[in-house]
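Undergrad: One letter stands for each residue in the lines below.
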Amino acid sequence: MSYNFEELTYNEAKDLLRQWRENNERRSEDVMELWTTVFSDDLTKLGNEKHLVLEQVIYAALDCHAYGVATLCIYMLSNEFPGSMRVMRYKAALLEAEEKYEEALEVLDSIIKADETNAAARKRRVAILKAQGLITEAIKELVDYLKKFMSDVEAWQELCSLYLQVQEYSRAAFCAEELILHQPHNHLMHQRLADIRYTMGGVENMELAKTYYCQALKLNPENMRALLGLFLTTNNLLNHYKSSGNSGKRKEVWKLCQWAQSGAARRQRAARAPPTPDLTHMMLALAITD
Amino acid sequence: MGSSVHKIIVIVGFISLFHSAFSAAQHRSYLRITSQEFTTLPLDIVVQAVASLFAVMWGVLNVAGNLREIPAAAELNTVKWENQRNLPSFYIFNHRGRALADNYMPSGGKCELENVE
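In order, the protein sequence lines correspond to chains H and R.
Throughout, this note's numbering is defined as the position within the first sequence, counted from one, plus 25.
Throughout, this note's numbering is defined as the position within the second sequence, counted from one, plus 59.
Some hints here could point you the wrong way.
[What the hints assert, rightly or not] Derived pair list, reagent style BS3-like, types lysine-lysine, alpha-carbon separation capped at 30 angstroms:
no. : chain 1 : residue 1 : chain 2 : residue 2
1   : H       : LYS172    : H       : LYS125
2   : R       : LYS66     : H       : LYS172
3   : H       : LYS243    : H       : LYS274
4   : H       : LYS165    : H       : LYS138
5   : H       : LYS39     : H       : LYS75
6   : H       : LYS165    : H       : LYS125
7   : H       : LYS280    : H       : LYS243
8   : H       : LYS267    : H       : LYS243
9   : R       : LYS66     : H       : LYS39
10  : H       : LYS280    : H       : LYS267
11  : R       : LYS139    : H       : LYS75
12  : H       : LYS125    : H       : LYS173
13  : R       : LYS66     : H       : LYS243
14  : R       : LYS66     : H       : LYS280
[Claimed, not checked] Residues from chain R that keep clear of chain H, each with C-beta distances beyond 12 angstroms, as calculated:
no. : residue
15  : VAL64
16  : ILE70
17  : ALA83
18  : THR98
Just so you know, these hints were derived from the structure itself, not from any lab.
Glycine is no exception: its CB is placed at the ideal position from the N, C-alpha and C atoms.
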C-alpha cells in the first residue's frame with residue numbers, strides 16, 4: 026500500500042505513525058518520508074507523542090543511512106532529558122550504525138554498570154554481536170540474558186531465529202515451545218514450531234509438525250502457510266506409511282491430506298474468481314462486432 | 060423466509076404470555092369477588108404461560124440469527140508474521156537498506172576487491 030504523503034493532514038500522518046508503532050511495523054523509508062514532508066518543521070503540535078515519534082524517527086533514520094536526521098533527533102531528546110539512559114541507548118545505536126562497535130559497546134556497558142536491570146541495553150549488546158556477524162557469541166550472550174530475564178518473549182523469539190541461522194534446529198524448537206507457552210493463542214507461534222519440526226525431518230518430527238499445523242489452523246483457519254505446511258507434512262507421512270504398511274494411520278493421514286488439499290484449492294479458486302468475469306467483459310468490449 | 064415464521068411465533072408467544080398474565084389477574088379478582096381462598100392457579104393458565112414462554116425463547120433464538128463460534132484469539136489472527144518477527148530491541152543497521160541512500164559510500168571489502176583489479 027502506498028500513500029500520497031503530501032496530501033495527508035497533520036493528524037492523519039500522526040495516526041499513521043502511531044498505527045505503525047503499535048503494529049510493530051518497521052517501514053523505515055515511509056517514516057522518513059513522513060518526517061521530511063510533515064513533521065520536521067513543527068514538532069509542537071505532536072503533543073505528548075512527540076518523544077515517541079522522535080524515537081521512531083531515530084531508528085528509521087538509522088535504517089535509511091540518514092545519520093544527520095538521527096543525530097538531530099537524539100540531540101533534541103538529550104536536550105530535554107539530559108543524562109537519560111534511554112537516550113544514551115539511542116546514542117549507542119547511532120555509533121553501532123556507523124560501525125563503531127567498540128564505542129557502542131562501551132556506552133552500553135556504562136549503562137549496564139549504572140543500572141543492572143536495564144534489559145534493553147543488554148539486548149542491544151546482543152544486537153551488536155549479531156551485526157558483526159558473531160552469531161555464536163550473540164547466542165551465548167542472549168542465553169546469559171535469558172537466564173536473568175526468563176519471561177522476555179522478544180528475546181526467546183530472537184534466540185529462536187539465531188539458532189535457526191546456525192541450524193541448531195532442536196534448540197530452536199525448544200525456544201519455539203517456550204514461545205508457545207508464553208502466547209498459547211498465537212497461531213504464528215504454532216506455525217513456527219511446525220515449520221521447524223518439518224525442517225528437521227523424520228517421522229516423529231513430521232507427526233509433531235502435523236499436530237502443530239493443525240493447531241495453528243484451528244486457531245486461525247485463514248492461515249495459508251499452515252494449510253500448505255499441513256499438506257506437505259501429510260504427503261511426507263503418507264509416503265512413509267505406505268512403505269511401512271501402517272494402514273490405520275495411513276488412512277487418517279490420507280484424510281487430512283485430502284482436507285488440506287481441498288482447502289488450499291478452495292482458497293486459490295476464491296482468490297482467482299473476481300478478475301475472470303471482468304476479463305471476459307473486457308474481451309467482449311474489445312471485440313469488433315456490429 | 061424462515062425468520063418471518065419465527066417472528067410470527069415470537070409475536071404470538073408474547074400475546075399468549077400477556078394473555079395468560081391477564082387471565083391470572085382475572086382469576087384472582089374472580090376469587091376475591093366470590094370470596095374464596097386462593098390456593099393455586101388453574102392448570103390451563105400455568106400450561107399456557109410456560110408453553111408461550113418456551114415459544115418466545117425458541118422464536119427469539121431463531122430470529123437473532125446463527126450463533127457463531129467464540130474464537131480464542133480473534134485479535135491475534137490479524138497479526139502477520141512480518142510484524143511478529145520484527146523486534147525493535149534487536150534491530151541491526153548494517154543491512155543492504157543503507158545502500159539505497161544517495162550519500163552512502165561503500166567501504167571495506169568490496170571496494171578493495173575492485174581496486175585490486
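Undergrad: Can you name, in rising order, the numbers of the hints this structure does not satisfy?
TA: Checked against the structure, the hints that fail are numbers 2, 9, 13 and 14, while the rest are satisfied.
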